[in-house]
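Novice: So you can see what is in the structure, the chains are spelled out below.
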Amino acid sequence: MNVVSDPDPQNALSFNAIRQNFPGLAGEAPLSVLNDISFNVPRRKFVSVIGPSGCGKSTLIQIAAGLLKPTLGKVLHNGSIVTGVNRTIGFVPQQAQLLPWKTLMENVEFPLLLRGIKPAERRARAQEAIDKVDLSGFELHYSHQLSGGMQKRVSIARMLVYKPDTILMDEPFGALDAQTRMVMQHDLQAMLASEGASVLFVTHDITEAVMLSDSVIILSRRPARVLAEVSIDLPRPRDMFEPYTIPGFAEAYDRVWSIFRSELNVKRAA
Amino acid sequence: MTEQLTTHAAGTRSLRRALMSFGRTLLLVTPGVIMLVAWQFASGRLVREAYISKPTNIARRLYDLFATGEIWPSLKVTGEELVLSYAIGVVAGLLLGYALGRSPRLARVIEPYVMAFYGIPKIALAPLFIIWFGIGIWSKVVLAGTMVFFLVFYNVYAGVRSVDREVVNLALVLGANERQLGRHIYLPAAAPYLLMGMRMAIPYAVIGVIVGEFTSSVAGLGLFINYASSTYDPASVFAGIFILLAFVMIMNALASRLEKRLLRWRPPSQNVSQEAS
Numbered sequence: 018m019n020v021v022s023d024p025d026p027q028n029a030l031s032f033n034a035i036r037q038n039f040p041g042l043a044g045e046a047p048l049s050v051l052n053d054i055s056f057n058v059p060r061r062k063f064v065s066v067i068g069p070s071g072c073g074k075s076t077l078i079q080i081a082a083g084l085l086k087p088t089l090g091k092v093l094h095n096g097s098i099v100t101g102v103n104r105t106i107g108f109v110p111q112q113a114q115l116l117p118w119k120t121l122m123e124n125v126e127f128p129l130l131l132r133g134i135k136p137a138e139r140r141a142r143a144q145e146a147i148d149k150v151d152l153s154g155f156e157l158h159y160s161h162q163l164s165g166g167m168q169k170r171v172s173i174a175r176m177l178v179y180k181p182d183t184i185l186m187d188e189p190f191g192a193l194d195a196q197t198r199m200v201m202q203h204d205l206q207a208m209l210a211s212e213g214a215s216v217l218f219v220t221h222d223i224t225e226a227v228m229l230s231d232s233v234i235i236l237s238r239r240p241a242r243v244l245a246e247v248s249i250d251l252p253r254p255r256d257m258f259e260p261y262t263i264p265g266f267a268e269a270y271d272r273v274w275s276i277f278r279s280e281l282n283v284k285r286a287a
Numbered sequence: 704m705t706e707q708l709t710t711h712a713a714g715t716r717s718l719r720r721a722l723m724s725f726g727r728t729l730l731l732v733t734p735g736v737i738m739l740v741a742w743q744f745a746s747g748r749l750v751r752e753a754y755i756s757k758p759t760n761i762a763r764r765l766y767d768l769f770a771t772g773e774i775w776p777s778l779k780v781t782g783e784e785l786v787l788s789y790a791i792g793v794v795a796g797l798l799l800g801y802a803l804g805r806s807p808r809l810a811r812v813i814e815p816y817v818m819a820f821y822g823i824p825k826i827a828l829a830p831l832f833i834i835w836f837g838i839g840i841w842s843k844v845v846l847a848g849t850m851v852f853f854l855v856f857y858n859v860y861a862g863v864r865s866v867d868r869e870v871v872n873l874a875l876v877l878g879a880n881e882r883q884l885g886r887h888i889y890l891p892a893a894a895p896y897l898l899m900g901m902r903m904a905i906p907y908a909v910i911g912v913i914v915g916e917f918t919s920s921v922a923g924l925g926l927f928i929n930y931a932s933s934t935y936d937p938a939s940v941f942a943g944i945f946i947l948l949a950f951v952m953i954m955n956a957l958a959s960r961l962e963k964r965l966l967r968w969r970p971p972s973q974n975v976s977q978e979a980s
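Just so you know, the protein sequences line up as chains D and G, in that order. As numbered in the numbering used here, residues 18 to 287 make up the first sequence, in order. As numbered in the numbering used here, residues 704 to 980 make up the second sequence, in order.
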């Protein structure tokens, strides 16, 4: 747990000159993944990171969660340096990663159980989180009895239940079908509006990044550096089901895409 | 009217279910019955009865053994050996498998030794165990316990190592300490493997105990069978074997119940022994 020595009033997370090398295969040079990454996640803001696949987006999440120590540079969470596993941050992994031997309710209660909270309070808070993600009635189901979208909701409830002020989401909707994904985006926006949390969201989907974010960080190919930070000033709440009807969406999308495409080597259609 | 209809429908349904379950039971026992009948027929006609006895004789012998109480001392000794060796082997295998699974550093040092000992045919050690632990129950407990231990050890070890690093990382961020990781992640993940090992170990426990008793003993079913075969009494040999069979079946049934309790979270298709439904 981080001691908040000098809480940064402005930024929930700040990445300062992060470099990350991974040891290369035998006899090869180390692989440089992140090359001098600096950006902030301002308090109560939603920041997305997009970049070509394999550019190290998820590595940033690992570093912020304290699961990986950067080769150089530091991450500050609420003004203090992340040194060990960051137990105060919310984490929604790529796969839902529910514990199959626990029921839905037990999975959501799990973070509270780990914190030694009494059963009655645990149950009440878990129920509240389950209601919030719209899964009441499924409390006693095991994960193999739930659909992919439902499992994802459980993993969000499990994160909301301990009320973190900062949330890390690592391509959480990547594995879902297009319809479920839109519903999840819609619900996420609604949930976050009431939570007031700061979010770092990793994705490779430009529409998703533009629709959800206050600001989009675009990374280059490996070794990744920050190409641009585009702020998205579309009014909220945004209609996730009809992005193209939102005034300003097309322009925002274009600004992100024009920078992103330079990394993909795509030829403009004649 | 509607009520009548539904009760009627429910009645038909339960009748059909009863018939189906009867059909399944019939299917299950038919091969066994055919074997027994063929055995009974062949005995004295195709094969000399002195070699294979016959089911009716064996049944009579079994009845006598229990009615006179002649078998009880043997049953008690072998039962004790089985329960002790199985319990000790399972507990030791679980403890060491879990410890090595959690600590790769420890595993690097110890695993090669375990592997080497695993390669020794345990039966070859039976005479040595008799010298070390005497002709009483403990030589048999150690022999059978070693066999059980290895099966449980390897399964638990594999189970603990099968845990995905990402699940562990997630649990850490959610607030887990080392002890909680064991209790909520590693042990439940290893449970299906543990049960698989326990199930595989059942026949080996019986083999270990019987081989030990064959080698040298003062009491037990192995001694009973060995004595019967050396005095040309095939009915008694088969009676002893049927009793062993009953032991294995009872232990299997207990393992199934444990499995159902511990693994009720698993989707039905993944269960090792599927419920007949």
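If you're looking for bench data, these hints aren't it; they were derived computationally from the structure. Each hint should be verified, as a subset may be incorrect.
Claimed, not checked - Sample of chain D residues at the chain G side, in silico, Cβ under 10 Å:
hint, residue
1, 98
2, 116
3, 127
4, 206
5, 276
What the hints assert, rightly or not - DSSO-like cross-link-like pairs, simulated, lysine-lysine; straight-line CA separation at most 30 Å:
hint, chain 1, residue 1, chain 2, residue 2
6, D, 135, D, 119
7, D, 135, G, 963
8, G, 779, D, 119
9, D, 149, D, 135
10, G, 963, G, 757
11, D, 149, D, 119
Ideal Cβ placement from N, Cα and C applies to all residues, glycine included.
Novice: Classify the hint on residue 116(D) as holds or violated, based on whether any CB of chain G lies nearer than 10 Å to its CB.
Specialist: 7 Å, holds
Novice: For the pair we were handed, residue 963(G) and residue 757(G), check the Cα-Cα distance against 30 Å.
Specialist: Outside the cut-off at roughly 38 Å; violated.
Novice: Hint validation: residue 98(D) versus chain G, beta carbon distance must be below 10 Å. Holds or violated?
Specialist: 17 Å, violated
Novice: Would the hint linking residue 779(G) and residue 119(D) be met if the CA-CA limit is 30 Å?
Specialist: Violated: residue 779(G) and residue 119(D) sit about 41 Å apart, past 30 Å.
Novice: Under 10 Å, Cβ to Cβ, is where residue 276(D) needs to be relative to chain G, so tell me if that hint holds or is violated.
Specialist: 31 Å, violated
Novice: Next pair to validate is residue 135(D) with residue 963(G); report whether the Cα-Cα distance is within 30 Å.
Specialist: 29 Å, holds
Novice: Quick one, are residue 149(D) and residue 135(D) close enough, alpha carbons at most 30 Å?
Specialist: Status holds; Cα separation ~21 Å.
Novice: Would the pair residue 149(D) and residue 119(D) pass a check requiring their Cα atoms to be no farther apart than 30 Å?
Specialist: Holds, at about 20 Å.
Novice: Are the Cα atoms of residue 135(D) and residue 119(D) separated by 30 Å or less?
Specialist: 18 Å, holds
Novice: Have a go at the residue 206(D) hint: is there a Cβ in chain G nearer than 10 Å to its own Cβ?
Specialist: 24 Å, violated
Novice: Using Cβ atoms only, decide whether residue 127(D) comes closer than 10 Å to chain G, and label the hint accordingly.
Specialist: 6 Å, holds
In summary, the structure is inconsistent with hints 1, 4, 5, 8 and 10 from the numbered list given earlier, while agreeing with the others.
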